[in-house]
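Q: Each chain, letter by letter, is given below.
Number of protein chains: 2
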Amino acid sequence: MKILFKNVRLLPEAIPEGAQKDGLFSVVVTDDTITYVGSIPPEDTYDRTVDGNENLLMPAFYNAHCHSAMTLFRGYGEDLPLRRWLDEKILPAEEKLNFRRVHYGSRLAIAEMIKNGVVAFNDMYMFQDATAEAVLEAGIKANLSRSIVSFDPDIKPEEDARFAESRRLYEQYHGAGNGRLKVDMSLHAEYSNVDACCRYVAEYAAEQGLRMQLHLSETEREHLECIERHGVTPAAYFAGLGVLDVPTTAAHCVWVSDEDIDILREKGVSVAHSPVSNLKLGSGIMPLRKMLDAGINVALGTDGVASNNALSVLRELQLTAILQKGLHRDPENIRAEMLPALATRNGALAMGREDCGAVAVGCKADLIMIDLNAINNIPCYDLATTLAYSADTSNVLLTMCDGRILWENGEYTSIDTECLRFEARQVIRHYFD
Amino acid sequence: MKILFKNVRLLPEAIPEGAQKDGLFSVVVTDDTITYVGSIPPEDTYDRTVDGNENLLMPAFYNAHCHSAMTLFRGYGEDLPLRRWLDEKILPAEEKLNFRRVHYGSRLAIAEMIKNGVVAFNDMYMFQDATAEAVLEAGIKANLSRSIVSFDPDIKPEEDARFAESRRLYEQYHGAGNGRLKVDMSLHAEYSNVDACCRYVAEYAAEQGLRMQLHLSETEREHLECIERHGVTPAAYFAGLGVLDVPTTAAHCVWVSDEDIDILREKGVSVAHSPVSNLKLGSGIMPLRKMLDAGINVALGTDGVASNNALSVLRELQLTAILQKGLHRDPENIRAEMLPALATRNGALAMGREDCGAVAVGCKADLIMIDLNAINNIPCYDLATTLAYSADTSNVLLTMCDGRILWENGEYTSIDTECLRFEARQVIRHYFD
Chain A
0 MKILFKNVRL LPEAIPEGAQ KDGLFSVVVT DDTITYVGSI PPEDTYDRTV DGNENLLMPA
60 FYNAHCHSAM TLFRGYGEDL PLRRWLDEKI LPAEEKLNFR RVHYGSRLAI AEMIKNGVVA
120 FNDMYMFQDA TAEAVLEAGI KANLSRSIVS FDPDIKPEED ARFAESRRLY EQYHGAGNGR
180 LKVDMSLHAE YSNVDACCRY VAEYAAEQGL RMQLHLSETE REHLECIERH GVTPAAYFAG
240 LGVLDVPTTA AHCVWVSDED IDILREKGVS VAHSPVSNLK LGSGIMPLRK MLDAGINVAL
300 GTDGVASNNA LSVLRELQLT AILQKGLHRD PENIRAEMLP ALATRNGALA MGREDCGAVA
360 VGCKADLIMI DLNAINNIPC YDLATTLAYS ADTSNVLLTM CDGRILWENG EYTSIDTECL
420 RFEARQVIRH YFD
Chain B
0 MKILFKNVRL LPEAIPEGAQ KDGLFSVVVT DDTITYVGSI PPEDTYDRTV DGNENLLMPA
60 FYNAHCHSAM TLFRGYGEDL PLRRWLDEKI LPAEEKLNFR RVHYGSRLAI AEMIKNGVVA
120 FNDMYMFQDA TAEAVLEAGI KANLSRSIVS FDPDIKPEED ARFAESRRLY EQYHGAGNGR
180 LKVDMSLHAE YSNVDACCRY VAEYAAEQGL RMQLHLSETE REHLECIERH GVTPAAYFAG
240 LGVLDVPTTA AHCVWVSDED IDILREKGVS VAHSPVSNLK LGSGIMPLRK MLDAGINVAL
300 GTDGVASNNA LSVLRELQLT AILQKGLHRD PENIRAEMLP ALATRNGALA MGREDCGAVA
360 VGCKADLIMI DLNAINNIPC YDLATTLAYS ADTSNVLLTM CDGRILWENG EYTSIDTECL
420 RFEARQVIRH YFD
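Which chain is which? The protein sequence lines are A and B, in order.
Residue numbers for the first sequence follow numbering that gives the first Met the number 0, so the first one is 0 and each next one is one higher.
Residue numbers for the second sequence follow numbering that gives the first Met the number 0, so the first one is 0 and each next one is one higher.
Note that these hints are calculated values from the structure, not bench results.
This structure is a prediction, so every number in the text was calculated from the model and none was measured.
Glycine included, C-beta positions come from ideal geometry on N, C-alpha and C.
Where hints are given, some of them may not hold.
Computed list of chain B residues with no C-beta within reach of chain A, every gap over 12 Å [claimed, not checked]:
id: 1; residue: GLY22
id: 2; residue: ASP151
id: 3; residue: GLU224
Simulated coverage check for chain A against chain B, where a stretch passes if three residues somewhere in it have a Cβ under 8 Å from a Cβ of chain B [said to hold, decoys possible]:
id: 4; segment: 258-270
id: 5; segment: 352-359
id: 6; segment: 363-375
Derived pair list, reagent style DSSO-like, types lysine-lysine, alpha-carbon separation capped at 27 Å [as the list claims (entries may be wrong)]:
id: 7; chain 1: B; residue 1: LYS20; chain 2: A; residue 2: LYS88
id: 8; chain 1: B; residue 1: LYS88; chain 2: A; residue 2: LYS20
id: 9; chain 1: B; residue 1: LYS266; chain 2: B; residue 2: LYS289
Pulled out of the complex, with its shape left as it was, chain A reads as follows (with noise of 0.2 Å):
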């Protein structure tokens, strides 16, 4: 299958050396890599040629922190602190999970995501099993993870039967559908783990060389919490038992001091950045640059959609243009230039999917394209900024996962959405029966 893009234009990073930077270009994909990026279409045959017109083809969203089941709970249980969301909403409904519930949550974020531009996402949740199903059903990637949580030091932890379904997770999925899915471990976080099992489980994911995902100091009680436990940070809590020498990444990071960033940087950690969520449930802001300035790879990440409440890549970059810009009182702290890559190739990176995330020969084609002829796109005198503060998630209108189409002018090819949403309202009419 060979398919070529025309006359699109590309972002500054993936313009050929020599090229104008602001002239128009040609991809090709075959099957489902990125063979060519140039000036001039090659001549050669097609199975199908999409005229770009002038607008912008880029990388496709990556998602680097989510609980995609969730989206059952879109508005459920709104405007509460996390612990109180957490105790009185939020746990009370995930104890009526199960495989059905949790395949029609994954399958309507799933739905969210392709639409928003997103092909990718970093998933902490049970019954990953339907997880797995709804992202080889629709074409998307993920890492999933099933979230240990470990509050008895006295059960062995590979007696642990969270630990016991990770494994068998990762025997059963990692590596399917041609690599769009993978499986990594994962730790809730400091305060829902006992030692003994972070230690074990960061042994296996380094024997199986396996990623981790974790949730870290995404609330101020919960950073000072552990300092009144062990003496120490998370990120300094979890890199003395080994985990940070995992390849990790750690969701949110919003209370994380100079000292932990040190850490992060040293143990070459990925940050999910997830500024909507931080905000809306008054956990704080997350601090960016000094992320940043230290080299860390920061990826963005929408978190569950019960705490967000949307699966919008863009909107999280969006406001991630303006948020530290407002705080910090200086529109030079963070620039439209340095936002892309958060959403797309540090998302790949924090998944472990080097060759992802990018427009390059040799790339897996995730792509997407953005309208520039949209009305709220108009005048475009920089993509960067285009993207960073006038697009909108109306303007998505193709997104490409490993060189297919999942959705084009407003229709997904790989999901029949009347039935997904008759089917998941029936889900969510009796979920409290």
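Given chain A, work out where chain B should sit, using these hints.
A: Leaving out everything else, chain B in the frame of chain A:
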């Protein structure tokens, strides 16, 4: 002309007494006015029946602060502090404005607003004849004002060219388009005017029964320099000159003191809150909750596109919903149900349009329909929550102003976008020639 909307959902404040909160309703629009809101569609002959398909019918958005023609400068001059942005980029660009350029800037702005569900805007700018013509053509509403700037205390205000222009605009356009167009007076800001001019313009506005538009305490520097110059804050300064005795909309109010809030409340000043612009320019964050607690009429404004860079009141609403929670680390600081009024009714009041901004019999038919069947709005446990946290601009299915449908299912009825796109690009391409 009689239009029946049936099978629509309504926000709690629109639901007739005694009716089921989560029921389906009918709304009848006769010419430019809402003539029925209830559970049963009245038997009658309709020119058109719109099946709402269980979507949300709500008041259209009102944009309480804008400089519409600045849409020409979308993305021109980014990531700079307010004074440098003004002095180095915007003021030189504005030197090159003329009737035709402002006309196209305003037409672009209006097209974007209509698709985003905005039917009315407060405007402060120059060449307002051009904006007036654009408003009349497109079928929306605006309170236009020629922003007055006066630096020379020796020029008699009555001989000031900008005041003369304001008066001419008022005489020519106030009430045009069946009242869709209004002309307000405007003093640009404290730092850009002399006392005599402020006093004189206020007296003129009071005599003619006009409203006033101001910038107020947008930046800390502006606020502190006023105190240095006059010994009082901008709010106290304007109050002392009688300006706030005129019905006034004050934009930004980021740096107002508690005493200023008392002044604004006493004088019945409407405040236009522009969180996107305030963050993006690094100006700061307005003390919203204090103002709401004081009972001030707070509305939402996009500001000009040059500092936003979009014209979406929904985006302002959604940022408003989460920003104060994060800032105060209190998710209960602002609750979803507080927000629809800010984007609708309060905006209408900030434009002196008492008969607008509600779904109620006798009100002008300024309505939008929000797609609750969109994947990103499923599930919907509560309408205000869906609006505040989940909906996006792609969910605006229909925009109606004064009973006329201006946007429906992705199509404009009053704007030829092909032509607008072409002509606007011509204007922009040759702007700096």
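Q: Is the listed coverage of the segment 363-375 of chain A by chain B valid when you require three or more residues with a beta carbon under 8 Å from a beta carbon of that chain?
A: holds (count 3)
Q: Please settle this one: GLY22(B) was flagged as non-interface, so is its CB more than 12 Å from every CB on chain A?
A: holds, 16 Å
Q: According to the definition I'm using, a residue is off the interface if its beta carbon is farther than 12 Å from all beta carbons of the partner; does GLU224(B) meet that for chain A?
A: holds, 16 Å
Q: Take a quick look at whether LYS20(B) and LYS88(A) sit within 27 Å of each other, Cα to Cα.
A: holds, 22 Å
Q: Sort out whether LYS20(A) lies within 27 Å of LYS88(B), counting only the CA atoms.
A: holds, 22 Å
Q: Hint check: LYS266(B) vs LYS289(B), CA-CA at most 27 Å. Holds or violated?
A: holds, 16 Å
Q: According to a criterion of three or more residues whose C-beta lies within less than 8 Å of a C-beta of chain B, is the segment 258-270 of chain A covered?
A: violated (count 0)
Q: For the segment 352-359 of chain A, do three or more residues have a beta carbon lying closer than 8 Å to a beta carbon of chain B?
A: violated (count 0)
Q: Please check whether the beta-carbon of ASP151(B) is more than 12 Å away from every beta-carbon in chain A.
A: The claim holds: ASP151(B) sits with its nearest Cβ about 31 Å from chain A, beyond 12 Å.
In terms of the numbered hints stated before, the structure departs from hints 4, 5, listed from lowest to highest.
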